[in-house]
Each structure stands twice: as structure tokens, then as C-alpha cells.
Amino acid sequence: MSKSLKTTGEDLWKNKADKVNSELFTLTYGSIVAQLVRDYKQDYTQVNLQLEKMGYDIGIRIIEEFLAKSQVGRCQSFKETSEILSKIAFKYFLNITPRVENFSTDGKQFSLILDENPLAEFVELPDDEKANKQLWYSNVLVGVLRGALEMVQLDVEVAFVGDVLRGDDATEIRLKLIKILKDEIPAGED
Amino acid sequence: MSQPSDIIQVSNPTQTSTKSALKGGYNPSLGPIQLPTSYQAQLASTASSKRNIYDHSLSRRAPEVNLSSLSYIFNVMIQYSQKNSKGIQELEGKLNTLGYSIGPKVLELITLREGKNAKREIKLVEILQFIHTQVWRTLFGRVADELEKSSEADDEYMITDKQPLMSEFISVPKDMGQLNVNAFVAGIIEGILDVCYFQASVSAHTVETPGCPNRTVFFIKFDRDVIERENLRFHK
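As you go down the protein sequences, you meet chains A and R in turn.
Position one of the first sequence corresponds to residue 1 (my numbering), numbered consecutively onward.
Position one of the second sequence corresponds to residue 1 (my numbering), numbered consecutively onward.
Since the hints were derived computationally from the structure, they do not count as laboratory data.
Note that the structure is a prediction, hence the values are computed from the model and not measured.
A portion of the hints provided could be inaccurate.
[What the hints assert, rightly or not] Think about it this way: if two alpha-carbon atoms lie no more than 25 angstroms apart in a straight line, the pair counts; the simulated BS3-like pairs of lysine-lysine are:
#, chain 1, residue 1, chain 2, residue 2
1, A, LYS41, R, LYS86
2, A, LYS108, A, LYS41
3, A, LYS79, A, LYS182
4, A, LYS41, R, LYS162
5, A, LYS53, R, LYS83
6, A, LYS16, R, LYS162
[What the hints assert, rightly or not] Label pairs and their in silico Cβ distance ranges:
#, chain 1, residue 1, chain 2, residue 2, range
7, A, LYS14, R, LEU112, 56 to 62 angstroms
8, A, GLN42, R, TYR54, 21 to 27 angstroms
9, R, VAL172, A, ILE60, 19 to 25 angstroms
10, R, GLU146, A, PRO126, 36 to 42 angstroms
[Stated by the list, open to error] Beyond 12 angstroms from chain A on every Cβ pair, some chain R residues (computed):
#, residue
11, LYS94
12, VAL106
13, ASP154
14, THR160
15, VAL172
16, GLN199
17, CYS212
18, ARG215
Glycine included, C-beta positions come from ideal geometry on N, C-alpha and C.
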């Protein structure tokens, strides 16, 4: 099954994605992060928060494009969600396939390991002894994942637990399923 | 000030290593920093397994990402800038500034890639052609559509893009009619021109034509000094 997911992701990337130079993407994101760092006067905790918020705004909209283009149906398990995220969603949007690892025994937690990260290509954190302890440079991804999963009724806690930019061995995002949200009718519609 | 190398304590690794690992490399205010070999060895033993961005090749063809992803990111950039702006002009100014910081990096990357063929452009028309062709091709995958000189003033030039990539999925609300988010790209152009010593101000304007609702004209106005220098040098 995972084999076919991989091909689906690759076909989707090949045939349905309009492509653009990743350097423009990297630089554009970089200028946002740099601006936030300036605006929040090196308060990296605030920068993380702000990046996550921006990501959340992206996530709640990106899911629509993803579902429309990929035609994937409802996931039967969190395990399946993890595979679709890695092999189809990340492939389609960022042309990378993070590894899914460290599934917890209850099946409610896993890690995405990013061997490549187009957001952070050629990035170096400021040498102020604070940034490499506090800043999660690619924190926008956390927001995107949380927002997008929330839109498919998955309440998931998402956080970076490692980043090669900070000197960690791997760039790792941890996802933890809190609960499956009930389908609710939006307020004002009966 | 007398001995700038004393400011950084490269000679005493034990003292600096308790704070943070001092990095060799290029410091804009001090120039290249050469670490003592003993210190380098110590660094290598602790950091050898880590990937270092200076080890990456810059000439590798960059991979691609989805245009949608770039658009989403650009979108939150605009939203964030808009939240902190009072009017359209301020918003465009903010986007311009964000692009401006990218300009020199783009220029550096392109010239590094060209290697031996890289050339420092010293003629005004040639730097504009460079932007119109190489810069556009690197960033957007194709050359810009037109490059024109204003018929009214000798310091005004225009680069036209019929379908700007960055604003492909952006529709400007009616009450913000004047806004053109390609101010960001204008900022990139301005950044490149400035580091090449062709000081100019660049702005983006929507000039619709049938079939191209997003057609954008990048209006480049050079500083008077630049034009005078050009005349002295090449039009005697």
C-alpha cells in the first residue's frame, strides 16, 4: 500500500503541481522570518508563535487544495494519515518526503523527520546564543499541519522537537493526536 | 579600534568555548576570520558530523517546489504587512523592504553560478538587461516581457511582466484598487540595482491589457547622479 501512495504522490507532483524555483521560496520565507525577528526585537518565543499562527492560516486553506487535487478519501487510522502526509502532501507541496518514524505503541504519536527542508536551505541562525536555543525557524510548518488536520476533524498537537539549524541531529516534527473532532454543523446553518 | 582582531578572542579557545562555539568564516565588520588550527581541530571534533551550510555546493541546480506553496507564504507575508500598515502606500513600502533584502542575495547567487563568465555590469542598459533576462529567468523561470525607456525622461525605465508569478493567485479587493503586491519584486530589483551602484527607486504598477489583467509594469527611476555618471562615462 505504501508503495502505491508513493507513486500517487509522485504523479501528483509531476502532473498537477505548477512548479517554481525553490530558492525564491526559501528567500521569501527567510525575509518573513527576518522581519518577524526584527519586529519582535529578538523575542524568539513570540516569533515562533507568530510563525505558527501564519501557518495555521495557511493550513485551514491548504487542505482544500490538497483534497481537491489528490482525491484522497478519509483516513482509516492515524497511521494512514501519517503516510498520506509524508508521501502525498509533503511531496505535492514541497517536493520532499519526510520519514515517518517513532510511532508510539498506542498509535497516537509519530514523528516526521525532514532530511531536506526547502524552507531552511542555506539558512544560518543568528549567532546571539539565544536563537539556536529558542527559535524554531520552520515553525510555520507546525501551524500548517495543525490547521490542515483540524479541518479534517483531527485535533493534533504539533511541535518541532529538533532542527539541524540548532545543531540537532535531525529536523523532527512530533505529532500527537489529541482527539477526533465530531462533525459539527457550522453555526447558523441547520 | 586599533586592533580589531583583539575584539574576538580567537586565541583563547577554552574561554570562548564556554560561551558558544566561535565560527570561522566571514564577518562583515571584521573580514575573514581565520581560527587558530588548535581551535579548528577542536571544532572539527565536535561538529564534524553536523552538516555545515558552507559545505553545500551553490551551483547545484535548485530543486523545485509547488507554486501554491510559494503563493501561500507570499500571502501571509502580505497579510502580516497589511496588519501593520495604515494605507496602501505603507503596505507597498513594507513589501518593497522585504524584497529589498533579498535582492543582493539573488545577485550574488546568479553571479556565483556564472563563475568565470560573470561580469560586473557598469552600463545602465546592460544591468537592466541582466535583470530583465537572468534575474527573471532564475526567479521566475522565464524572461520578462519588455524592457523600455521612457520617452519623456532620461532617468526612467520600465520592465513589463504580462503575468507576474507572485501575484498569480492574488486578486486585489476593489477598495484597494491601487495596490500591486509586486512591490515585493520591485524591492528585489531595487536591492540588486543598489548593490550594483545604480541607485534607483522601483515601483510596481498594474497596467491592464485585454487578456492580461495582472500585467505589471516595474517603473524604475534612477537617481540623478547615476544618469550624470552614465553620461560622463559613455556619452562624451
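Agreement of A/LYS108 and A/LYS41 with the hint, judged by alpha carbon distance not exceeding 25 angstroms: Violated, at about 37 angstroms.
Beyond 12 angstroms from each Cβ of chain A, as asserted for R/GLN199: At roughly 21 angstroms from the nearest Cβ of chain A, R/GLN199 sits farther out than 12 angstroms, so the non-interface label holds.
A/LYS14 paired with R/LEU112, Cβ distance criterion 56 to 62 angstroms: With a Cβ separation near 30 angstroms, A/LYS14 and R/LEU112 fall outside 56 to 62 angstroms, so the hint is violated.
Given as non-interface: R/THR160, which should sit over 12 angstroms from chain A by C-beta: 19 angstroms, holds
Distance restraint between A/LYS41 and R/LYS86, which requires alpha-carbon spacing of 25 angstroms or less: 21 angstroms, holds
Assessment of proposed distance window 36 to 42 angstroms (beta carbons of R/GLU146, A/PRO126): Between R/GLU146 and A/PRO126, where Cβ atoms are some 41 angstroms apart, the hint holds.
Beyond 12 angstroms from every chain A Cβ - status for R/ASP154: Holds, since 32 angstroms exceeds 12 angstroms.
Given as non-interface: R/CYS212, which should sit over 12 angstroms from chain A by C-beta: Non-interface label stands for R/CYS212: nearest chain A Cβ at 18 angstroms, farther than 12 angstroms.
Interface-negative label, R/VAL172 against chain A, beta-carbon threshold 12 angstroms: Fine: 18 angstroms to the nearest Cβ keeps R/VAL172 off the interface.
Range agreement (Cβ of R/TYR54 with Cβ of A/GLN42, hint 21 to 27 angstroms): Once the Cβ atoms are compared, 24 angstroms apart, the range 21 to 27 angstroms for R/TYR54 and A/GLN42 holds.
Given pair status - A/LYS182, A/LYS79, alpha carbons within 25 angstroms: 19 angstroms, holds
Given pair status - R/LYS162, A/LYS41, alpha carbons within 25 angstroms: Status violated; Cα separation ~39 angstroms.
Of the numbered hints listed earlier, those contradicted by the structure are 2, 4, 7, 11, 12.
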